[in-house]
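Undergrad: For the record, the sequence lines run as chains A and B. Reading the first sequence from the start, the letters are residues 1 to 258 in my numbering. Reading the second sequence from the start, the letters are residues 1 to 195 in my numbering.
Bear in mind the hints are in silico, worked out from the structure with no lab data behind them. The C-beta atom is built at its ideal place from N, Cα and C for all residues, glycine as well. Treat the hints loosely; a few may be bogus.
[Claimed, not checked] Simulated restraints on C-beta separations:
1. B/Lys58 to A/Gly188: 55 to 65 Å
2. A/Phe232 to B/Gly139: 31 to 41 Å
3. A/Pro157 to B/Gly70: 21 to 31 Å
4. B/Gly70 to A/Glu63: 12 to 22 Å
[Stated by the list, open to error] In silico SDA-like cross-links for lysine to any residue, where the CA-CA straight-line distance does not exceed 20 Å:
5. B/Lys62 to A/Ser214
6. B/Lys62 to B/Arg29
7. B/Lys58 to A/Ile76
8. B/Lys58 to B/Asp18
9. B/Lys58 to B/Arg26
10. B/Lys182 to A/Glu46
11. B/Lys58 to A/Ile72
Spelled out, the chains give:
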Amino acid sequence: MNHLSPNHLSEEELILHYYGEDCGSPAQERHLDQCGQCRALYASIERVLNAADGLPVPARDPEYGARVWQSIESRIPARRRWWARPQTWRGVGAAAAFAALLVAAFLAGRLYPTAHKPAPADAMADRQTGERVLRVAVGDFLERSQLVLIELNNADPASQLDISAERERAAGLVGENRLYRQSAVHNGNTAMAGVLDDLERVLVDISHAPAQLSPADVESLQQRLESAGILFKIRVLGTNVKNRQEPAVERSAGRQKL
Amino acid sequence: MDASDGALVTRARVGEADAFRALVERHSRPVFRLAFRMTGNEQDAEDVVQESMLRAYKQLAKFDQRASFGTWLYRIATNCSLDLVRSRKRRTEDRTAASGGGGGEVEDPVMTVASQDPNPERMALSGEVRERLTAAMDGLSAVERAAFVLRHFEGMGIEDIGRALECQPGAAKHSVFRAVQKLRRALEPLVSAAR
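If we strip away everything but chain A, and leave its shape as in the complex, we get (with noise of 0.2 Å):
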């Protein structure tokens, strides 16, 4: 029991009251002004904690905090813009090259001469080229995609998000995506073109959410997401493009062994 007595201060009233924490009534103080022994026992503490005060701690220069960055630096997990990541530069790489693949074919075919027609089986092989470079190309952005989606869906919803970044990257994709879903269309491969679609639709929304979203707008975001179980399509729809990229890279090895 820590009261001396019932008009005794206690040795954490006095604590409290070293600290300025007490709420002490004028009756309090009044006693400690005229009590030696809650005085002796105040003074006590006030020896020990003021000794307290001088516990040593080692000093740190000015450049202490320079060298605590260059410590942890190169444990910083990657947060840099999204025009300086490497797989966007991949991606822009890949949408570049694909596109200037489309071009080039389409000028073929109005240049060469229509007396010239390839032969259906040629045809057929133009035609199973263009869809594997779609696959590669879909494949690299359906991983980009899914990663700013997947930021997104596991932000914490109780509180205040900044998505300026993923706002940003979403803008980026959005071209991309719209290249690839009208090349899934022309070559009639409704099933991905159907997923890009969806996709669009995702990513035109969050390019155009305002930069900081309230909880509720992190939640609705989520719900959304959710909803439209567009993560869920894009990992079916990465899982088959891979798979069919697989058997394709496997031929062309074979082929080259021959």
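The hints should help you fit chain B onto chain A, whose structure is shown.
TA: This is chain B only, laid out in the frame that chain A set:
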């Protein structure tokens, strides 16, 4: 003019490494002081500073920008220190058990403060009081020590200490009481004699 913490956090959140670097450079020294008082060991305090900065970076998206970045970082550093002190205690207990159960003396890491250079603060306390104080601080439980450091050295109110230690204000207050009572029992004879 130096940018405010809030402005730097906003820039760090969108990937500006330089902004986070400025926050690290600004807050490392006070976090080190806190960590040293919490752990009582220079090398542990250095580890806490680095770990706290890394945790802060990973959790930047969760930081409520209406709050103070410094207070939020202190909370992270407090938790890192508690984790470290608890794991150190477990390791010490394991070593004690392995060496036959308390018969032999186990080196006290808190007593192995690396820097022993004299400075005005060190000189202010007599060697004996300082040693007793360091030993008494080590005798506190991790939570008592954390609560005492936050109240006594950081001037944090009981409510904030409760939030930092993720406990009720009543529990935080009692941790401070127990810490002061233990320190008083250990130091009172010495400081009274030194008057």
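Undergrad: Of the numbered hints stated earlier in the document, which are not met by this structure?
TA: Going through the list in order, the structure violates hints 1, 2 and 6 and respects the others.
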